Amino acid sequence: MNKKKSENDMKFEKKEIIYSAIIEKELLHNGLVQREQLKTLKEVNETMKGLTSVLKEFERHEFLTIHKSKWKIALYNFSLWILFAIWTVFWLFLVSWFTYHFIKDSEILKNIVDNQLKIRQFNIQDIRSKITSEKK
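With the numbering used here applied, the sequence shown has no gaps in its numbers, which climb one by one up to 138 at the end.
Be a bit skeptical, because a hint or two may be false.
[Stated by the list, open to error] Derived lysine-lysine pairs resembling DSBU-like cross-links, with alpha carbons at most 35 Å apart:
#1 120 x 132
#2 120 x 106
#3 74 x 51
#4 132 x 106
#5 41 x 27
#6 17 x 27
#7 137 x 106
#8 27 x 13
#9 51 x 41
#10 58 x 41
#11 27 x 16
#12 120 x 137
#13 51 x 72
#14 137 x 112
#15 74 x 58
#16 58 x 44
#17 72 x 58
#18 112 x 132
#19 27 x 44
[Said to hold, decoys possible] Beta-carbon label-pair distances, calculated as ranges:
#20 125 x 100: 26 to 34 Å
#21 132 x 85: 46 to 54 Å
#22 86 x 136: 39 to 47 Å
#23 74 x 109: 55 to 63 Å
#24 53 x 102: 49 to 57 Å
#25 133 x 89: 38 to 46 Å
#26 100 x 136: 31 to 39 Å
#27 109 x 130: 15 to 23 Å
#28 109 x 136: 27 to 35 Å
Don't read these hints as lab results, they were simulated from the structure. In this text the structure is predicted, and so the values were computed from the model without any measurement. Beta carbons are placed, not taken as given, at the ideal position from N, Cα and C, and that holds for glycine.
With the hints as constraints, model all of the structure from the sequences given.
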């Protein structure tokens with residue numbers, strides 16, 4: 003009977019040890035999960051602080067204080083488009099002016115055009131004389 007009792011006691015002790023090991027494992031796992039959650043929570047808090055400062059800076063931004071009404075925003079956008087159009091026309095004028103003067107004064111381009119006219123058997127003097135005779 004003592005043998006059976008001792009065997010039962012040993013089985014019970016084994017079960018107790020296994021149960022306590024499982025509980026310790028779960029506690030360790032829960033502790034690790036809590037650490038990771040704390041790290042994540044700290045990162046989220048830091049991100050929130052950064053976003054809060056960005057939001058405060060955005061609220062103080064001059065664009066929002068100037069443009070609180072739809073009409074002001076529309077006028078602002080219209081003026082930007084007008085400025086864009088004026089600068090585009092101005093730069094296109096400058097580019098075309100420089101291109102014209104480059105082509106007009108370029109000896110290389112004159113030689114190329116003359117060579118092409120000779121190859122195609124055009125005579126500029128004949129063309130000019132025809133034009134002047136037609137005008138008269």
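To see whether the hints hold, each was checked on the structure:
Distance restraint check for residue 120 and residue 132: the Cα-Cα separation of roughly 18 Å lies within the 35 Å cut-off, and the hinted pair is therefore satisfied. Taken as a hint, the residue 120 and residue 106 pair is honoured in the structure, with Cα atoms around 20 Å apart against an allowance of 35 Å. For a cut-off of 35 Å, the pair hint linking residue 74 to residue 51 stands: about 32 Å separates their Cα positions. With a C-alpha separation of about 23 Å, the suggested pair residue 132 and residue 106 falls inside the 35 Å cut-off, and the hint holds.
The hinted pair formed by residue 41 and residue 27 meets the criterion: a straight-line CA distance of about 21 Å does not exceed 35 Å. Taking the CA atoms of residue 17 and residue 27, the gap is about 15 Å. The hint holds against a cut of 35 Å. A hinted pair counts as satisfied when its Cα atoms are at most 35 Å apart, and residue 137 with residue 106 qualifies at roughly 25 Å. Restraint check for residue 27 and residue 13: the C-alpha separation of about 21 Å stays at or below 35 Å, so the hint holds.
For the proposed pair residue 51 and residue 41, the alpha carbon gap of about 15 Å is at most 35 Å, so the pair holds. Distance hint between residue 58 and residue 41 is fulfilled; the C-alpha atoms sit about 26 Å from each other, no more than 35 Å. Simply put, residue 27 and residue 16 have alpha-carbon atoms about 16 Å apart, close enough for the 35 Å limit, and the pair holds. As the CA atoms of residue 120 and residue 137 are separated by approximately 26 Å, the hinted pair is consistent with the 35 Å bound.
With a C-alpha separation of about 31 Å, the suggested pairing of residue 51 with residue 72 holds against the 35 Å cut-off. Between residue 137 and residue 112 the alpha-carbon distance is near 26 Å, which keeps this suggested pair within the 35 Å criterion. Taking the CA atoms of residue 74 and residue 58, the gap is about 23 Å. The hint holds against a cut of 35 Å. Distance check on the hinted pair: residue 58 and residue 44 sit about 21 Å apart at the alpha-carbon level, within 35 Å; holds.
Straight-line distance between C-alpha atoms of residue 72 and residue 58 comes to about 22 Å, which keeps the hinted pair within the 35 Å bound. Between the alpha carbons of residue 112 and residue 132 the distance comes to roughly 22 Å, so the proposed pair stays at or under 35 Å and holds. For the hint linking residue 27 to residue 44, the alpha-carbon distance of about 26 Å falls within 35 Å, and the restraint holds. Checked against the hint of 26 to 34 Å, the pair residue 125 and residue 100 passes, with Cβ atoms roughly 31 Å apart.
Our hint of 46 to 54 Å for residue 132 and residue 85 holds, since their Cβ atoms are close to 49 Å apart. Taking the beta carbon of each, residue 86 and residue 136 are about 46 Å apart, inside 39 to 47 Å as hinted. For residue 74 and residue 109, the hinted distance range of 55 to 63 Å is satisfied, since their beta carbons lie about 56 Å from each other. Our hint of 49 to 57 Å for residue 53 and residue 102 holds, since their Cβ atoms are close to 55 Å apart.
Taking 38 to 46 Å as the suggested C-beta distance range, the pair residue 133 and residue 89 conforms, at roughly 40 Å. Checked against the given bound of 31 to 39 Å, the beta carbons of residue 100 and residue 136, roughly 34 Å apart, stay inside it. Residue 109 and residue 130 have their C-beta atoms about 20 Å apart, which keeps the hinted 15 to 23 Å range intact. Distance hint check: the CB atoms of residue 109 and residue 136 are about 30 Å apart, consistent with the given range 27 to 35 Å.
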